[in-house]
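Q: Sequence:
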Amino acid sequence: MTESHTEISLARAADFESWVAVLLADWWPVLTGGLAPPQTTLRAWRAVDGDRQIFRVELIARQSAEVGIMSVARAAFDQLGMRPDEHEWTQSQGRHLVGHTEDATVQLRFSDTAHTVFLRLQSRPCPVSVAGGRQLSALPDANLPFPDTTTGPLDIRVARNSARHLLAQHSARFATPADPFQLAPQGHVSDVGWAFVFPWSTTSWYTDGAAPVLAPGVKGPIVVVKDTGDTWLLDSLSSYDSQLAGYADANGYRHGTSDSA
Numbered sequence: 001m002t003e004s005h006t007e008i009s010l011a012r013a014a015d016f017e018s019w020v021a022v023l024l025a026d027w028w029p030v031l032t033g034g035l036a037p038p039q040t041t042l043r044a045w046r047a048v049d050g051d052r053q054i055f056r057v058e059l060i061a062r063q064s065a066e067v068g069i070m071s072v073a074r075a076a077f078d079q080l081g082m083r084p085d086e087h088e089w090t091q092s093q094g095r096h097l098v099g100h101t102e103d104a105t106v107q108l109r110f111s112d113t114a115h116t117v118f119l120r121l122q123s124r125p126c127p128v129s130v131a132g133g134r135q136l137s138a139l140p141d142a143n144l145p146f147p148d149t150t151t152g153p154l155d156i157r158v159a160r161n162s163a164r165h166l167l168a169q170h171s172a173r174f175a176t177p178a179d180p181f182q183l184a185p186q187g188h189v190s191d192v193g194w195a196f197v198f199p200w201s202t203t204s205w206y207t208d209g210a211a212p213v214l215a216p217g218v219k220g221p222i223v224v225v226k227d228t229g230d231t232w233l234l235d236s237l238s239s240y241d242s243q244l245a246g247y248a249d250a251n252g253y254r255h256g257t258s259d260s261a
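Going by the UniProt record's numbering, the sequence shown opens with residue 1, and the numbers climb by one from there.
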């Protein structure tokens with residue numbers, strides 16, 4: 001596979017992780033009845049085929065709790081539109097709850113000995129290139145900050161979710177329907193201290209290396225402010241750095257040299 005195919009594979013994988021991270025942040029208080037979230041969550045990429053070209057990303061969060069939390073979670077499944085595996089629920093005597101949505105598999109397990117609840121979200125299958133699969137296979141399991149969609153500073157997964165939604169709107173307006181815009185892989189995202197800057201291009205650029213043909217009115221990279229979640233597209237006709245510096249100055253941020261996130 002070409003390098004461009006690897007790039008779009010890793011960009012797709014980053015999107016899948018951002019979806020699951022946002023689901024974890026949004027569903028944790030619903031499934032636990034408002035239990036305080038842990039500081040960190042374990043992130044793991046798992047190949048689901050022998051060729052390592054289909055992966056799922058898992059986020060696992062654990063917190064001290066009492067067994068009554070499982071009844072809360074069981075009721076929350078109805079609220080979230082999920083049908084639990086009743087056989088598993090009965091067999092585990094109310095200690096293991098499993099359900100599915102279009103985007104994720106949800107599992108809650110309660111440990112009587114540790115008085116701990118474990119919430120595991122697993123993405124739907126994510127196809128990648130051979131080279132992309134090698135890179136995902138090499139990633140160690142990692143403890144990452146628990147994602148928070150309500151207060152800053154936003155981590156890169158939550159910020160990417162905001163950027164993805166804005167780019168989808170921009171793509172619907174300016175892209176060729178058969179060639180939508182795609183965010184760049186995580187390694188190309190810049191961290192300017194107070195914000196993340198997400199570059200993007202056409203799908204064909206990532207898959208074929210074809211120079212993108214962009215309509216008038218198309219703008220530049222997407223900025224997501226860490227503290228506020230403010231999200232916008234840079235003007236492609238002006239200096240990106242001067243636009244960032246101007247926003248930082250107007251809003252009391254210290255603007256410096258950008259680094260890869």
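These are computed hints drawn from the structure, not numbers from a lab.
Backbone N, C-alpha and C fix where the C-beta goes; we use that ideal spot for every residue, glycine too.
One should not assume that every hint holds.
FRET-style restraints, in silico, Cβ to Cβ [unchecked claim]:
#1 Gly209 x Ala44: 26 to 34 Å
#2 His87 x Asp51: 25 to 33 Å
#3 Leu237 x Ala114: 16 to 24 Å
#4 Asp78 x Pro125: 48 to 56 Å
#5 Gly246 x Ala168: 20 to 28 Å
#6 Gln169 x Gly252: 24 to 32 Å
#7 Pro153 x Leu42: 37 to 45 Å
#8 Ala114 x Gly209: 28 to 36 Å
#9 Gln39 x Ala75: 23 to 31 Å
#10 Asp235 x Ser92: 52 to 60 Å
#11 Pro212 x Ala75: 45 to 53 Å
#12 His100 x Pro177: 25 to 33 Å
#13 Arg254 x Asp49: 40 to 48 Å
Q: Work down the list of hints and note, for each, if the structure agrees.
A: Okay, the hints, checked on the actual structure:
Checked against the hint of 26 to 34 Å, the C-beta distance between Gly209 and Ala44 comes to roughly 32 Å, which is consistent with it. The beta-carbon spacing between His87 and Asp51, approximately 32 Å, falls within the hinted interval of 25 to 33 Å. At about 58 Å, the CB distance of Leu237 to Ala114 disagrees with the hint of 16 to 24 Å. For the pair Asp78 and Pro125, the beta carbons lie near 26 Å from each other, so the given range of 48 to 56 Å is not met.
At roughly 26 Å, the beta-carbon separation of Gly246 and Ala168 lies within the given 20 to 28 Å, and the hint holds. Distance hint for Gln169 and Gly252: a CB-CB separation of about 28 Å, consistent with the stated range 24 to 32 Å. A beta carbon spacing of about 21 Å between Pro153 and Leu42 contradicts the range 37 to 45 Å that was offered as a hint. Between Ala114 and Gly209 the C-beta distance comes to about 51 Å, which lies outside the given range of 28 to 36 Å.
Remark: the range hint 23 to 31 Å for Gln39 to Ala75 is upheld by a beta-carbon distance near 27 Å. Checking the proposed 52 to 60 Å range against Asp235 and Ser92 shows it holds: the Cβ atoms sit about 56 Å from each other. Range check, Pro212 to Ala75: Cβ separation about 49 Å, and the 45 to 53 Å hint holds. For His100 and Pro177, the Cβ-Cβ distance of about 30 Å falls inside the hinted range of 25 to 33 Å, so the restraint holds.
The beta-carbon spacing between Arg254 and Asp49, approximately 47 Å, falls within the hinted interval of 40 to 48 Å.
In terms of the numbered hints stated before, the structure departs from hints 3, 4, 7 and 8, listed from lowest to highest.
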